[in-house]
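*Asks:* Listed here are the chains, written in short residue letters.
Protein chains: 4
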Amino acid sequence: MMKEVRNMYQVRTDLALEAREKFEEDNVEIKGVRLDEEQVAPDIHISSVVIETENGAKAMGKPKGNYVTLEAKNMTEEDEGYHREISIQLSKILKRLLPQNKDFTTLVVGLGNRAVTPDSLGPRVVDNLCITRHIIKEFGKYVIGDSCHKSVSSIVPGVMAQTGIESMEIVRGITKETAPDVIIAVDALAARSTKRLNRTIQITDTGINPGSGVGNHRHALNNESIGIPVIAIGIPTVVDAATIVIDTMNNLLDAMSQAEQLQRIGSSYKQLDMMEKYELVRELLTPQLNTLFVTPKDVDEAVKRLSFTVSEGINIALQKEEEQIHL
Amino acid sequence: MMKEVRNMYQVRTDLALEAREKFEEDNVEIKGVRLDEEQVAPDIHISSVVIETENGAKAMGKPKGNYVTLEAKNMTEEDEGYHREISIQLSKILKRLLPQNKDFTTLVVGLGNRAVTPDSLGPRVVDNLCITRHIIKEFGKYVIGDSCHKSVSSIVPGVMAQTGIESMEIVRGITKETAPDVIIAVDALAARSTKRLNRTIQITDTGINPGSGVGNHRHALNNESIGIPVIAIGIPTVVDAATIVIDTMNNLLDAMSQAEQLQRIGSSYKQLDMMEKYELVRELLTPQLNTLFVTPKDVDEAVKRLSFTVSEGINIALQKEEEQIHL
Amino acid sequence: MMKEVRNMYQVRTDLALEAREKFEEDNVEIKGVRLDEEQVAPDIHISSVVIETENGAKAMGKPKGNYVTLEAKNMTEEDEGYHREISIQLSKILKRLLPQNKDFTTLVVGLGNRAVTPDSLGPRVVDNLCITRHIIKEFGKYVIGDSCHKSVSSIVPGVMAQTGIESMEIVRGITKETAPDVIIAVDALAARSTKRLNRTIQITDTGINPGSGVGNHRHALNNESIGIPVIAIGIPTVVDAATIVIDTMNNLLDAMSQAEQLQRIGSSYKQLDMMEKYELVRELLTPQLNTLFVTPKDVDEAVKRLSFTVSEGINIALQKEEEQIHL
Amino acid sequence: MMKEVRNMYQVRTDLALEAREKFEEDNVEIKGVRLDEEQVAPDIHISSVVIETENGAKAMGKPKGNYVTLEAKNMTEEDEGYHREISIQLSKILKRLLPQNKDFTTLVVGLGNRAVTPDSLGPRVVDNLCITRHIIKEFGKYVIGDSCHKSVSSIVPGVMAQTGIESMEIVRGITKETAPDVIIAVDALAARSTKRLNRTIQITDTGINPGSGVGNHRHALNNESIGIPVIAIGIPTVVDAATIVIDTMNNLLDAMSQAEQLQRIGSSYKQLDMMEKYELVRELLTPQLNTLFVTPKDVDEAVKRLSFTVSEGINIALQKEEEQIHL
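Protein chains in written order, with the numbering used here: chain A, 1 to 327; chain B, 1 to 327; chain C, 1 to 327; chain D, 1 to 327.
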């Protein structure tokens with residue numbers, strides 16, 4: 001049962017970092033999972049979770065691979081250049097995960113529903129990319145000049161309610177037809193903590209996996225399903241409604257153990273262990289909660305800014321030589 | 001203190017019907033508030049709350065006036081004509097509240113943020129109106145033909161984060177300049193119950209009041225602030241994040257009183273009265289919750305359909321003679 | 001040379017009807033091309049051009065096949081139901097061209113650029129379709145009820161400047177992956193005559209051919225390139241800038257032959273034959289004209305209305321039994 | 001008659017620079033109109049037309065005042081920072097025309113139709129402004145920090161077909177209600193020459209005048225109609241359809257005088273003077289041409305880029321101290 005509850009819990013976050021942190025909270029050590037952290041700039045923190053073994057993957061509820069998380073508190077605050085410093089850090093992480101040969105070709109996939117604001121991140125990122133495949137195909141790569149010499153194409157597959165087709169099927173069809181070397185898939189995610197909303201970018205070489213994303217993908221978009229490496233870039237723009245309740249419950253439990261008036265309740269509740277608490281809450285959630293999501297009121301501005309930052313990160317990673325960027 | 005808690009609670013719903021129901025739950029009788037109900041079609045239920053006295057207004061936390069609520073379970077389901085039967089019922093309610101003379105002029109105000117899906121209802125309703133003021137002004141009303149002979153204008157004022165101006169100021173300025181006889185203001189609302197999301201239309205002659213709407217208006221848009229009657233049409237498209245927590249808490253309390261294992265907790269918690277419970281929950285809510293809202297994942301389709309139904313209801317109410325519509 | 005000029009001329013219209021009319025003007029008879037006409041309603045005129053032979057195809061500059069044109073003057077005027085009578089006529093034409101077995105599956109392709117108003121027809125048509133493939137795949141066709149029992153999917157491939165990929169490649173990839181029986185491709189066209197703008201629907205079983213559409217497709221989207229039948233629905237929403245000049249030139253020539261003052265010019269100009277005139281004008285056009293298009297100022301309203309009419313025509317053709325529609 | 005023809009001609013351009021050039025072509029000297037030119041950067045050319053007298057205004061068909069034109073060939077080409085160098089030059093021009101006191105308040109008006117791509121410049125510029133009025137009103141100007149300390153508000157009034165109200169009425173109403181010191185109105189313009197499309201910014205202190213803009217404003221938006229100074233920023237994104245014809249006609253006339261075969265026609269046509277030619281062409285234009293506009297096919301990308309450049313120019317002009325920008 002314990003495993004069941006754990007898995008039930010784990011689907012609530014798309015962020016490997018949050019899945020990892022949960023174990024820390026519970027003082028559980030996980031073999032096969034490595035965590036590194038680095039403060040690359042006063043405001044930019046990078047964490048790297050590597051799931052190295054199948055056991056680690058099972059414990060984390062996520063496939064083996066690299067999960068890099070870039071956190072910056074001021075990510076959605078206004079500045080002049082859509083946080084170019086974040087774009088540059090993102091481009092460095094991407095370059096580590098992208099093919100190391102010089103002239104690989106890339107298909108960027110903007111997942112999500114353009115018509116639902118917090119889910120429109122992927123489509124919006126694609127709007128601002130430097131697309132070159134058609135130009136290189138027609139005129140050769142020397143026409144474009146110093147920058148933009150790698151072939152980049154893109155697709156916004158839409159969501160299944162609009163197309164009747166799984167995103168994975170669309171991407172696989174286009175991949176077979178156009179034969180890119182690598183896919184970069186951009187998606188809006190659900191986070192466990194409201195503190196991470198619109199402030200965190202997760203980059204992983206494990207692709208997109210079932211149950212992830214605001215739209216809850218049903219099929220994997222990864223090396224196994226598509227046949228080429230899939231790097232996924234995700235930003236949490238929503239929190240699961242259940243998360244909100246659980247967070248408040250935890251606050252309640254803390255308060256209960258303190259408040260004079262409530263001590264009787266608190267003390268008996270505290271005798272339940274964490275598994276029992278989660279089980280309890282899950283049972284109590286009304287069924288509608290599963291089709292709801294929670295998002296900040298200024299999500300339009302946040303998604304606009306974030307999509308520029310990510311686009312520019314991809315543009316730099318794909319189009320510019322190391323020496324051209326002054327880091 | 002009791003009154004304070006009540007008010008705190010009441011702001012959580014924009015629907016007079018829900019405010020009224022709450023008192024029923026508590027078995028509290030409210031003087032000066034009258035409720036009528038009518039099943040006008042197999043799937044359409046109309047409730048009318050009339051707040052008749054200042055005492056009733058205080059108890060309800062809403063101004064004196066008429067609040068008509070149209071409920072239809074299938075409102076966002078697909079049909080051929082965007083639920084013309086609902087539009088016709090809406091038009092009948094509007095006609096009762098609109099001026100009774102033949103040639104009044106109307107300004108329709110689409111409140112909310114077009115860029116945030118659940119808040120885009122008002123702007124989208126305005127997109128599909130039959131706008132006639134400029135034609136009548138230039139050519140006279142006989143040019144337009146049988147229908148569309150009343151002068152209708154519209155404005156989408158935007159939200160304060162975009163304009164720096166209160167919607168009320170914009171509407172008041174345009175009202176002074178163009179002198180309509182009546183305003184119809186359309187807005188997305190927050191409901192208390194997830195069951196009401198996208199299934200309920202509230203029509204009121206009390207206008208828009210502070211704290212209401214997805215965007216939380218700060219200034220009233222009513223006869224007092226604008227100088228002409230303001231009829232408000234609202235549809236709940238979001239639920240306050242706090243509401244979700246409170247609903248789950250209530251489920252928790254019910255379960256607690258039953259579950260063998262939890263009876264000790266439940267019984268002591270039940271000794272708190274409702275006011276104490278709410279106070280407790282409000283304290284426990286994390287501050288971020290106040291800037292979040294909860295919305296269904298298919299909110300784009302729902303808002304698209306609802307905006308057509310409302311537009312058409314307004315078009316019928318303003319533009320067609322009773323005998324022209326075959327009800 | 002004569003053939004060359006003819007071809008040069010013919011690319012200026014995407015409408016077979018206009019290509020055919022041109023020959024009539026010149027009193028040229030074309031073998032292998034048949035024209036039928038029918039007035040199906042007071043305001044709806046249907047013409048059918050059948051190109052039966054390769055010779056006919058050469059003369060017309062269009063592939064062999066059926067080209068049905070539905071003309072209705074009031075197509076973009078406001079009415080209650082987005083011209084349901086036109087949708088029904090469109091559905092009848094589609095049913096003649098679609099597979100005749102009961103349960104064929106369809107992929108609808110919305111061609112064009114959503115961000116450029118007159119080119120957004122295809123994407124907007126797709127927005128309002130009844131999409132069923134994913135539901136039928138998951139629950140079987142009996143879940144959906146009386147209507148919507150055929151499997152329909154859709155894709156908006158975007159334009160090459162955005163994706164770097166030919167629409168044809170995207171559609172071919174998705175077709176191989178999802179195996180529909182037939183494609184319906186919707187596209188905004190360029191007309192020769194401003195009188196046809198937003199008033200004409202062309203339906204053809206020859207698919208989309210190079211050089212057609214507002215965006216000037218470079219690759220065919222037809223049975224030959226995709227491997228399944230492609231029915232194309234097109235509406236002219238722009239006029240080629242060159243067309244405007246040529247129309248005005250023709251007016252000039254007419255006037256020249258009449259105006260006392262200009263008779264000397266007119267008479268000598270008239271001695272040129274049509275080929276010479278076109279050659280002359282083509283040479284004189286400034287190069288920029290080739291990247292320009294001409295569109296009416298109210299194109300936003302027109303495209304919005306037309307997209308509903310076409311969506312509903314497709315929905316009726318694919319989802320409803322003959323006896324269910326009361327024609 | 002000569003004057004009439006001239007005026008008829010002059011409405012075809014919204015650019016004072018083009019009106020001025022026309023006289024140069026005709027070798028007509030205009031008293032009361034002064035022209036200065038400056039190359040401020042390798043790619044940026046600034047021209048300043050000052051209409052000093054009523055006679056000059058009559059001759060030019062434009063009101064007395066300053067018209068500054070910034071031309072940059074690469075304005076819509078991709079670069080990293082949306083052509084910040086152009087934004088800075090624009091901000092310098094604005095600062096010369098804006099009030100010279102420190103704390104004036106500004107209302108920015110985004111004119112045009114958001115739903116028609118080439119007319120969406122004004123609304124899109126407003127989307128990216130730094131709006132501060134509501135923050136300063138609530139918290140005072142010291143909260144915002146070093147930048148953004150001037151009060152800026154904005155409005156997108158929409159077009160008359162959508163609202164039934166003249167933009168001027170909406171702006172006047174809001175101006176009376178919120179009392180800004182100055183208005184900046186941004187609008188898409190019609191140019192005479194296709195060479196100027198999307199490459200030219202006109203800044204004038206004479207406001208918006210009847211007949212100007214893609215949407216053809218019917219009422220002035222200037223100091224006289226609104227009561228406060230109105231600075232207008234315009235970029236030509238369309239060419240009048242008539243312009244296209246006239247340009248081609250001119251090419252025709254040139255060719256006629258050369259081509260052996262056509263010399264007979266050309267020589268007699270050349271005997272007409274310019275007035276007679278224009279009169280002739282105007283008569284020949286089909287009536288539909290007046291409701292059409294001509295626009296490049298990549299207008300979506302162009303308007304997106306240009307709107308950023310203009311937004312940033314306004315942001316710099318209003319929000320930053322001279323010493324903060326490193327020019």
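Honestly, the hints are just simulated from the structure, not real lab data. Hints are not guaranteed to be accurate.
You can't tell identical chains apart in this list, so a pair holds if it fits in one copy or across any two.
Quick list of in silico lysine-lysine cross-link-like pairs, PhoX-like style, CA-CA up to 25 Å [unchecked claim]:
| hint | residue 1 | residue 2 |
| --- | --- | --- |
| 1 | K73 | K31 |
| 2 | K141 | K73 |
| 3 | K31 | K304 |
| 4 | K137 | K297 |
*Asks:* Hint by hint, note whether the structure agrees.
*Replies:* Quick rundown of the hints versus the structure:
Proximity of K73 and K31 under a CA criterion of 25 Å is satisfied in neither setting, with 30 Å inside one chain copy and 51 Å between copies. With identical chains, the CA atoms of K141 and K73 are at most 25 Å apart between copies only, with a shortest distance of 24 Å across copies and 39 Å within one. In this homomeric assembly, K31 and K304 never come within 25 Å of each other (Cα to Cα): the closest approach is 39 Å inside a single copy and 50 Å across copies. With identical chains, the CA atoms of K137 and K297 are at most 25 Å apart between copies only, with a shortest distance of 21 Å across copies and 43 Å within one.
Checked against the numbered hints given earlier, the structure breaks hints 1 and 3 and satisfies all the rest.
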